[in-house]
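K.L.:
Below, each chain spelled out in residue letters.
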Amino acid sequence: MELYPITPNHYLALSAVLFTIGIAGVLTRKNVFMTLMSLELMLNAVNLSFITFAKVNSDLTGHVFVLFVVSIAAAEACVGLAIVIALFRLKETVNLDMFKSLKN
Amino acid sequence: MLEAMVFYILAAASVIFGLLLITRVNPISSAMTLIGVFGALAGLYAMLNASFVSIIQILVYAGGIMVLVIFVIMLLNLHKDDLQPMRAQPFWVILALVALFGTILGPILFCVLPNKDWTWGSLTPDFGTLMMVGEKIFSDFLFPFEILSLILLTAVIGALVMAKRKL
Chain W
27 MELYPITPNH YLALSAVLFT IGIAGVLTRK NVFMTLMSLE LMLNAVNLSF
77 ITFAKVNSDL TGHVFVLFVV SIAAAEACVG LAIVIALFRL KETVNLDMFK
127 SLKN
Chain F
26 MLEAMVFYIL AAASVIFGLL LITRVNPISS AMTLIGVFGA LAGLYAMLNA
76 SFVSIIQILV YAGGIMVLVI FVIMLLNLHK DDLQPMRAQP FWVILALVAL
126 FGTILGPILF CVLPNKDWTW GSLTPDFGTL MMVGEKIFSD FLFPFEILSL
176 ILLTAVIGAL VMAKRKL
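From first to last, the protein sequence lines are chains W and F.
Numbering follows the working numbering, with no gaps: position 43 of the first sequence is 69.
Numbering follows the working numbering, with no gaps: position 11 of the second sequence is 36.
If we strip away everything but chain W, and leave its shape as in the complex, we get (with noise of 0.2 Å):
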């Protein structure tokens, strides 16, 4: 792969480093609102994909997805911090290890 010209495997080079940042953050921090903000980082890492292959098909099918998954991502941060608002509520704390009720 050449510095130059930009070619759509730099695009999709770039896509999975993203996914792989975002994947590390969900796996390894403990605070809540940590995993949320890394799973939008991985939404965006396969919209980057989705556009990078609307631009090689030259179909606008993928610009569409992107905006599906977009306002997918809204409803699913809403949803999300109402989860992370009751379960503070209840826990008084944002610390993914505590929310263990389920194990026993």
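Hints in this document: simulated from the structure, not taken from any laboratory.
Hints are not guaranteed to be accurate.
Said to hold, decoys possible - A few chain W positions that, by computed beta-carbon distances, are all more than 12 Å from chain F: (1) Ser97; (2) Ser127; (3) Leu128; (4) Lys129.
Stated by the list, open to error - Distance windows between CB atoms, simulated: (5) W:Met124 <-> F:Ile129: 25 to 35 Å; (6) F:Leu120 <-> W:Arg115: 31 to 41 Å; (7) F:Phe170 <-> W:Ser84: 15 to 25 Å; (8) W:Asn130 <-> F:Phe135: 37 to 47 Å; (9) F:Leu45 <-> W:Val72: 19 to 29 Å; (10) W:Asn130 <-> F:Ser54: 31 to 41 Å; (11) F:Asn140 <-> W:Lys117: 42 to 52 Å; (12) W:Thr87 <-> F:Ile80: 13 to 23 Å; (13) F:Leu44 <-> W:Leu116: 11 to 21 Å; (14) W:Asn130 <-> F:Met72: 44 to 54 Å; (15) F:Leu125 <-> W:Leu122: 28 to 38 Å.
Built from N, CA and C at the ideal position, the CB exists for glycine as well.
Chain F: place on chain W using the hints.
P.N.:
Frame of chain W; chain F shown alone:
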């Protein structure tokens, strides 16, 4: 040449902001770096002829979702002992990250991508504008679009039910 320079600046910005996002202890600074990632990605979308998606990225993500996240972080008013960086011992974290990069990122970067030579398709000048995307949504994707409004309504009602103290 200019395109390559802009691409590398935006790509470096998004990766650096992403790494800052998963390493900051304070969630507010993470949220700020995530806004930086969204801005850099909006620039990349604009370079990929996706002008409408680029605007939506800024408006909905940076302007809507992140404001909601920051609002909730400030609402909960976390104290110091809630802010811990890592879930496990550093050794296990590093081991998990190495395994992750070896199983996901490595194969994609070194096996899949070098063997594919995708090239850019031929585009009409109005590719990715609001008009073209709108025509696509309201012809081929009309039913999913209507379902999407239902999903958003359900999410709003669900969030209200869960976050309200007493119904």
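K.L.:
Against this structure, judge whether each hint is valid.
P.N.:
Each hint, compared with the structure:
Distance check on Ser97 of chain W: its Cβ comes as close as 5 Å (rounded) to a Cβ of chain F, failing to clear the 12 Å threshold; non-interface status is violated. The Cβ of Ser127 of chain W sits about 16 Å from the closest Cβ of chain F, beyond the 12 Å cut-off, so the non-interface label holds. Every CB of chain F is more than 12 Å from the CB of Leu128 of chain W (nearest about 17 Å), matching its label as outside the interface. Chain F leaves Lys129 of chain W outside its interface by the beta-carbon criterion, the shortest separation being 16 Å against a cut-off of 12 Å.
Between Met124 of chain W and Ile129 of chain F the CB atoms are about 29 Å apart, so this pair conforms to the stated range of 25 to 35 Å. The given range of 31 to 41 Å is respected by Leu120 of chain F and Arg115 of chain W, whose C-beta atoms sit roughly 36 Å from each other. Judged by the Cβ atoms, the range 15 to 25 Å given for Phe170 of chain F and Ser84 of chain W holds: they are separated by roughly 22 Å. Range check, Asn130 of chain W to Phe135 of chain F: Cβ separation about 44 Å, and the 37 to 47 Å hint holds.
Separation of Leu45 of chain F from Val72 of chain W is about 21 Å and conforms to the stated range, judged on CB atoms against 19 to 29 Å. About 36 Å separates the C-beta atoms of Asn130 of chain W and Ser54 of chain F, a value consistent with the hinted range of 31 to 41 Å. Here the CB-CB span from Asn140 of chain F to Lys117 of chain W is close to 49 Å, well matched to the stated 42 to 52 Å. Checking the proposed 13 to 23 Å range against Thr87 of chain W and Ile80 of chain F shows it holds: the Cβ atoms sit about 19 Å from each other.
The hinted window of 11 to 21 Å between Leu44 of chain F and Leu116 of chain W is violated, with their beta carbons roughly 33 Å apart. The given range of 44 to 54 Å is respected by Asn130 of chain W and Met72 of chain F, whose C-beta atoms sit roughly 52 Å from each other. The hinted window of 28 to 38 Å between Leu125 of chain F and Leu122 of chain W is violated, with their beta carbons roughly 18 Å apart.
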